Amino acid sequence: MIPEKERDAGERVLRVERLVATLLRFGVIAAFLFITGGMLLSALHQPQLIFSRAEYLRLLSPGAAFPRTVSEVAGGLVHLHGPAVTTAGILLLLTLPALRVLLTGVIFAVQKDRIFVLITFGVLLLLALSVALGKIA
Amino acid sequence: MTPLTFTLVAFAVSLFAGLLGSLLGIGGGIVIIPALTLLCGIDIRYAIGSSIVAVVATSSGAAAAYLRERMTNLRVAMVLELATVSGALTGAFLAGKIANRWLYIVFGVMMAYTSLMMLKRRGEEAVTTAAGTPWAEYLRLGDRYYDAILGREVAYQVVRTRVGLGLMYLAGIVSGLLGIGSGALKVPAMDLVMRLPLKVSTATSNFMIGVTATASAAIYFHRGDIDPFVAAPVAAGVLLGSAAGTRLLHRIRSSTLRGIFVLLLLAVAVQMVARGVRG
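Protein sequence lines, in the order shown, are assigned to chains B and E. Each residue of the first sequence is one higher than the one before, starting from 1 at the first, in this note's numbering. Each residue of the second sequence is one higher than the one before, starting from 1001 at the first, in this note's numbering.
Hints are not guaranteed to be accurate.
[To be verified] Here are the simulated distance ranges between beta carbons: (1) E:F1093 <-> B:L33: 35 to 43 Å; (2) B:L14 <-> E:T1256: 26 to 34 Å; (3) B:A54 <-> E:R1251: 40 to 48 Å.
If you're looking for bench data, these hints aren't it; they were derived computationally from the structure. Values in this document were obtained by computation on a predicted structure and should not be read as measured data. Ideal placement from N, C-alpha and C gives every residue a C-beta, glycine not left out.
Here chain E stands alone, though its shape is the one from the complex:
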């Protein structure tokens, strides 16, 4: 491989990762890290450094569009972000004290179960609950968004805020400990538990992962893990891909999006269990 071919390969892979990331509310590390390490022979340290830049790029590339269209629920994002960042801090403290091997297996199985739960609700376009629970009402978490497929505004309420907070704390711990899958845990928590519409869940997760990643990225940069030669084509590709993804979110049916998300969850689940079994 030459610097030119690497740049082109990394750019193309990142374009796809950005598209997937902004649609599904994930960072894209599941695509970028294996591509960089296995395909291009990049050191895992720099691959992780670049993938954390990619998370910020996915989030920022989609931010302007989702914000203008009121797809992101900023109130939900801020409340849940409190729990996620606390969880990530807890995870950082627990690192090395818990056998990661079992964590990978436990969460892999949990993700597989979640994907089944999400599959059960396939065919739902934008089903929303009529009334929020007291906490959600007090924090005024309900909102509305315009669904281009349905051709109308969808108003929604939020339920089970405290369970959602608990799950976000757990998601934060897992991503702090294992460094993966925080978006893949956040979206089902918002969709299945708090009953936010799927499109709002992915857009809100997209916002949240960017915020959390900024803190990690600062640490990675300080450690010298962000190599511009590796990170540049990744960031450029992801920025363009995620901007394209925001356009696609309008045209895609929620049920199709759900289908893609189920496949993603299964892929993450298999990857986690495999890592746990290999030890």
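Isolated chain B, as found in the complex:
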């Protein structure tokens, strides 16, 4: 027999895990819609260009224009600018694994598992450090 207290904790963890899975699923679907929606908007903007070889070469040329900062993405989103909508989807996608680590930390906290809360915190800290160092270099 499993003690009642332990079973309750187990069910609580399972509930949190299901919540994390659902949250991730919504995040992935939203990112997918933004990415494909942005592609569609770009195509609809000048439909004849999707068959143009010259346009392909222009898109690939060095210095081709596309949003490179979060504020450029936000600015383009307001005007339903295709590349900005797509980049917003990509950025949403990129936040998901970090979110997943954060929520895993929450699961460990619910389990009152101090060592793993610390380990998760350490992973997040190292990730933040590598991003920070990357920006300096």
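Given the coordinates of chain B, work out where chain E should sit on it, guided by the hints.
Structure of chain E alone, referenced to chain B:
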């Protein structure tokens, strides 16, 4: 090539890369980078930028399913992630100080050897050790997963945690230095050394590569290496492919999966040695 044909080609290739990635616990760069550069004439910079987005997409596309089915061992993933990220940081510092040429050859040979070791264990369905070692016991790394092929729950223990940590640190250094093959190193370390079931190893590697790639992706975006025109069809294809891959992982035998993984390792090994020899 026109924008339309590029989009279709990149999407189709990425669909396949996502399927392979979620099954084998790898990012899919081995498929995506050559396809984009050689087939479509994309600049290597944007090809790498897109492939890092693809790693995150593979991981996220498979995440919800593997998490719900308890295929991913989150405890193992977190412990090993400490070593991988430290390794990647070390690799970034070592970059330029070590001749990559020899590294490619050394690791290419190591990968070829690993593929032989994995081949030796072909025919194993889900063989698990009965007892974990003290570190694994202390960290409670053992778990269970439901294997649809065997039609039963498989309980497993974990051994040689510290050797696994060391190998993950090394895998992190290699991927930090050479920018490739981190998943292809992680899966054998979990499977051969720590004796996790193969399916759990690939699902756990899938989770880990996504986490590490997020940090790199932030840096690549900041540098302007993520071109939405190139990355969009890649991300869309990989997301769909990896979601399909999670369904396939249930239906595939571990021994078949092992066979595919051996072939992948050999391909990576050949690619690395060739790059080292060419210099």
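Results of checking the hints against the structure:
1. E:F1093 <-> B:L33: 35 to 43 Å: holds (39 Å)
2. B:L14 <-> E:T1256: 26 to 34 Å: holds (31 Å)
3. B:A54 <-> E:R1251: 40 to 48 Å: Since B:A54 and E:R1251 have Cβ atoms about 46 Å apart, the given range 40 to 48 Å holds.
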